[in-house]
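Protein chains in written order, with my numbering: chain A, 1 to 153; chain B, 1 to 359; chain C, 1 to 430.
Treat the hints with care, since some could be wrong.
As the list claims (entries may be wrong) - Simulated crosslink set (DSS-like; lysine-lysine; CA at most 25 Å straight-line): (1) C:Lys305 x C:Lys294; (2) C:Lys126 x A:Lys67; (3) A:Lys150 x B:Lys294; (4) C:Lys305 x A:Lys67; (5) B:Lys268 x B:Lys168; (6) B:Lys294 x B:Lys168; (7) A:Lys57 x A:Lys150.
As the list claims (entries may be wrong) - A few chain C residues facing chain A, derived, Cβ under 7 Å: (8) Ser211; (9) Leu395; (10) Gly396; (11) Leu399; (12) Val404.
The hints are simulated quantities; they were obtained by calculation from the structure and are not laboratory data. Glycine is no exception: its CB is placed at the ideal position from the N, C-alpha and C atoms.
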Amino acid sequence: MVADPNPQLKPARRRMIKILLGGGLLGSFASFIYPVLRYLVPSPVAELGGDQVIAGKTGELKPNAAKIFRFGSRPGLLIRNSDGSYRALSATCTHLGCIVQYRSYLQEIWCACHNGLYDLNGRNVSGPPPRPLEVYEVHLRGDDVVVSLKREA
Amino acid sequence: MFVALRNWIDERFDWAGLTAPLREKTVPYHDLSYWYFLGGITLFLFGIQVCTGILLLLYYRPSATEAFESVQYIMTRVQFGWLVRSIHSWAANLMIFTAFCHMFSVLFLGAYRKPRELTWISGMLLLFLAMGFGFSGYLLPWNTLAFFATKVGTEITGQVPVIGHGLKVFLRGGEDVTGATLTRFFGFHVALLPGLTVLLLLTHIALVQYFGMSVPPAVEARWKALPSEARQMKFFPNFFLRELMAWYIALGVLGALAAILPWELGTKADPFAPAPAGIRPEWYFMFMFQTLKKIPAKVWFLDGDVLGILAFGVAGILWLLLPFFDQAGSRRGRRLVLGAGIFALSYIITMTIYGYMAK
Amino acid sequence: MATWLNNGFPRSLILLLTIVCVCVCGVRAQAPNTCLDCHAALDPPLQVTQAQFSQDIHAQKGLTCASCHGGDPAKADMDAMSKAIGFRGKIKRSQIPELCGHCHSDGAFMRKYNPSLRTDQLTQYKTSVHGKRLLQGDTKVAVCIDCHGVHDLRPASDPRSKISPLNVAQTCSRCHSDAKYMQGYGIPTDQYAKYTQSVHHEAMTVRGDLSAPTCPTCHGNHGAAPPGIDSVKNVCANCHVFQAQMYDKSTHKVAFQSAGLPGCVVCHSNHDVSRPTDAKLGTGPEAVCMRCHKPGDICDQARAKMLQDLTQLDGAVKAADRMLGVAESSGMEVSEARTEQDQARDFLTEARVTIHSFKTELVEQDIQAGLKIAAKTQAEGRAALAERDRRRRGLGLSLGIILVVLLGLRLYIRQIENNTGKVETAELRH
Numbered sequence: 001m002v003a004d005p006n007p008q009l010k011p012a013r014r015r016m017i018k019i020l021l022g023g024g025l026l027g028s029f030a031s032f033i034y035p036v037l038r039y040l041v042p043s044p045v046a047e048l049g050g051d052q053v054i055a056g057k058t059g060e061l062k063p064n065a066a067k068i069f070r071f072g073s074r075p076g077l078l079i080r081n082s083d084g085s086y087r088a089l090s091a092t093c094t095h096l097g098c099i100v101q102y103r104s105y106l107q108e109i110w111c112a113c114h115n116g117l118y119d120l121n122g123r124n125v126s127g128p129p130p131r132p133l134e135v136y137e138v139h140l141r142g143d144d145v146v147v148s149l150k151r152e153a
Numbered sequence: 001m002f003v004a005l006r007n008w009i010d011e012r013f014d015w016a017g018l019t020a021p022l023r024e025k026t027v028p029y030h031d032l033s034y035w036y037f038l039g040g041i042t043l044f045l046f047g048i049q050v051c052t053g054i055l056l057l058l059y060y061r062p063s064a065t066e067a068f069e070s071v072q073y074i075m076t077r078v079q080f081g082w083l084v085r086s087i088h089s090w091a092a093n094l095m096i097f098t099a100f101c102h103m104f105s106v107l108f109l110g111a112y113r114k115p116r117e118l119t120w121i122s123g124m125l126l127l128f129l130a131m132g133f134g135f136s137g138y139l140l141p142w143n144t145l146a147f148f149a150t151k152v153g154t155e156i157t158g159q160v161p162v163i164g165h166g167l168k169v170f171l172r173g174g175e176d177v178t179g180a181t182l183t184r185f186f187g188f189h190v191a192l193l194p195g196l197t198v199l200l201l202l203t204h205i206a207l208v209q210y211f212g213m214s215v216p217p218a219v220e221a222r223w224k225a226l227p228s229e230a231r232q233m234k235f236f237p238n239f240f241l242r243e244l245m246a247w248y249i250a251l252g253v254l255g256a257l258a259a260i261l262p263w264e265l266g267t268k269a270d271p272f273a274p275a276p277a278g279i280r281p282e283w284y285f286m287f288m289f290q291t292l293k294k295i296p297a298k299v300w301f302l303d304g305d306v307l308g309i310l311a312f313g314v315a316g317i318l319w320l321l322l323p324f325f326d327q328a329g330s331r332r333g334r335r336l337v338l339g340a341g342i343f344a345l346s347y348i349i350t351m352t353i354y355g356y357m358a359k
Numbered sequence: 001m002a003t004w005l006n007n008g009f010p011r012s013l014i015l016l017l018t019i020v021c022v023c024v025c026g027v028r029a030q031a032p033n034t035c036l037d038c039h040a041a042l043d044p045p046l047q048v049t050q051a052q053f054s055q056d057i058h059a060q061k062g063l064t065c066a067s068c069h070g071g072d073p074a075k076a077d078m079d080a081m082s083k084a085i086g087f088r089g090k091i092k093r094s095q096i097p098e099l100c101g102h103c104h105s106d107g108a109f110m111r112k113y114n115p116s117l118r119t120d121q122l123t124q125y126k127t128s129v130h131g132k133r134l135l136q137g138d139t140k141v142a143v144c145i146d147c148h149g150v151h152d153l154r155p156a157s158d159p160r161s162k163i164s165p166l167n168v169a170q171t172c173s174r175c176h177s178d179a180k181y182m183q184g185y186g187i188p189t190d191q192y193a194k195y196t197q198s199v200h201h202e203a204m205t206v207r208g209d210l211s212a213p214t215c216p217t218c219h220g221n222h223g224a225a226p227p228g229i230d231s232v233k234n235v236c237a238n239c240h241v242f243q244a245q246m247y248d249k250s251t252h253k254v255a256f257q258s259a260g261l262p263g264c265v266v267c268h269s270n271h272d273v274s275r276p277t278d279a280k281l282g283t284g285p286e287a288v289c290m291r292c293h294k295p296g297d298i299c300d301q302a303r304a305k306m307l308q309d310l311t312q313l314d315g316a317v318k319a320a321d322r323m324l325g326v327a328e329s330s331g332m333e334v335s336e337a338r339t340e341q342d343q344a345r346d347f348l349t350e351a352r353v354t355i356h357s358f359k360t361e362l363v364e365q366d367i368q369a370g371l372k373i374a375a376k377t378q379a380e381g382r383a384a385l386a387e388r389d390r391r392r393r394g395l396g397l398s399l400g401i402i403l404v405v406l407l408g409l410r411l412y413i414r415q416i417e418n419n420t421g422k423v424e425t426a427e428l429r430h
């Protein structure tokens, strides 16, 4: 290695190197700490586990009315019965996959695609559907209506 | 301000005395010195795993019904969650890779020789622990690939003679891979394995500091003949600064991998669905997996799988005791170990590539 | 008692007694049927084997040969077939419906076996083309046994039955596709061939959908007759409710009625109903509108508008799909947007149903709703890609900082090693 003719570097260059290194180190630490700090702050969307969703709020539905809600990647049907209680089922018709609807004046579940009919327990009673709709469990938690998969005994 | 702090410490501890070994530590400087980095990089990556692991712990839920969703939550809803999770997954693989490289470089550069036998043994045990980390951590997202890979992996463990079934049930927390397995693996991954690793790491590092860095035999011979050629580099600050550069490069690589090739989430595991085609373990188990696949079903009177497992078990034990095959002064010993090293490395590389191409 | 039973001899004795009792009881439950003793060994058409007859639902319910043919099943010789005791021999084809109807139209009788079975088959049959022609003396037409089978008759729920939904079309085609047999009746014989090309047949055979329409679904089974020009639409409306409702309110209903054209069949045909595509609205070989309408007239313009709308929405949905695909392959998570895409596709399906109102403003409504969702998912896809780009920019920034650090380290190392001799010639440390 050839000896540097000027072993003592100029003070200006030394300062530059110091700034470069110091600044770089500081910058790199900042670029590590910043994401960590953001990470530690909880997100406003506190989602529950995938087997449970909040389908709506109590009071959102009148008795003998229904709404479609999202259950993971599938559609679900939340029905408020005439007595005020709730029931929830899968909204995917078992015939060809259309989204079913609640007909309040007949108190039945109907699929518009090929006129399939289900009763309020999800049983396929008329038309093409070959299987009943999957029934979910509904609990009230505060003013949330929570729908979850039926737990096996 | 630093001076005031320094004085405060000096009034209570013999700071200079305590740090003297570190300040005086030197590292042999020769053409192969850069291989010394590998141990430090592995340690650095372990540190990253601990930090990202702790961060993941803040959001992860170790139950079969929530694990997948919690990882999905981290990837999509937590600020920079995607970064933490992808870094954790990539660094895991990188760490095992550097650990293997470190082990092979130690083998080829003869750093396992007397008096460093215990360093080698503690290092090999650390490598086994690292692979255990990989195996247990892989299941935690509870996706289809991980579920079935764990099923196959623990099934193979069950083939060990005598203790196999007990071992399998112990690992799985039951006869099958279920939510109980997940909870158990989580306990291994965040408590048992870290505890053991910390103990072994401290031992390993203390031994390394005690004995100093080994010099490869060829360099050693040259320096013996020409003492003026012998060179040492101060650890602080020279070697350390160079090592710091290597660590920063590793950070850059990790960041790029996390941002450009984020780790996949997959689909949630369904224990009742049939196993998808192409189930395979992570790359660091591939050579063993492929070997077991290729052994015929029955060899002599032994079940093919059992033979394979026993063979790897024996190989592992022999590898652990490698230093004792190369006692000081024995050229044959050194050649034996080198030969074994070349064979093992080529075998691992070939079987790993074969495993990926065979599908 | 227990120890006595453990001995070999008492045990085998009890077993023997049990077998004898069961045989006697079994035989007594089934009325004696000695006819098969001889007829199983005869050649067809007199042959009826035990294997065949055991599959027959009538036999399983306890009926014998004599239930339809008369005679005495208990007699094992030719006296069993004496006319004096009511033996009818081979039943004449023209008398078969009345014979079957003797029981099957008797509500009180059928209630003893299956109270929910219908008992109006004979009445319906008399309204059918088959029934009417039979009365006029045509014995070539189908009677009960032609479709149901006779000595191995199975219920419709049995997939091996000739009248199971899976098989009934083939049963009809045995006559109706036979050009020689159908000579003189003046109706086509290509219905079955056409039906096998249809989407309804595909639903049944490929998808296994037993609710898919087959011959009796539209023509009736016992009262089989073509629906009649004015009623075709009613038949289709049983499943395709919305299309029928819209058609009813449209201009085409009155137009087709006055022209004596059947409702749905004009555009969709009856037996070879194919999967409709947007090309039906086009101007190519599959186009249906232009068969009647003139290019340039107001209907042609409406057609063109509807086609344009559909194509637009279809394109928008596909474009959004592509965008989401790119985002996904870059590692972004877009499962929510994918679910919303299903809603957009639903609107596309609805628009294709709304066509049957033949009103462009109604189709427009569905299209706009679908376009809104497709635009939203496309925006989500773009946002995912923007997020990806943001991450890459962040990566670039941190890589830049890392490069600065590396450079600084490099220079710093050089600096301190120029000043202090970094390399010491020291003793080899082992």
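Structure-based check of each hint:
| no. | hint | verdict |
| --- | --- | --- |
| 1 | C:Lys305 x C:Lys294 | 15 Å, holds |
| 2 | C:Lys126 x A:Lys67 | 49 Å, violated |
| 3 | A:Lys150 x B:Lys294 | 45 Å, violated |
| 4 | C:Lys305 x A:Lys67 | 34 Å, violated |
| 5 | B:Lys268 x B:Lys168 | 23 Å, holds |
| 6 | B:Lys294 x B:Lys168 | 23 Å, holds |
| 7 | A:Lys57 x A:Lys150 | 20 Å, holds |
| 8 | Ser211 | 4 Å, holds |
| 9 | Leu395 | 10 Å, violated |
| 10 | Gly396 | 11 Å, violated |
| 11 | Leu399 | 10 Å, violated |
| 12 | Val404 | 4 Å, holds |
Of the hints listed earlier, those the structure fails to meet are numbers 2, 3, 4, 9, 10 and 11, in rising order.
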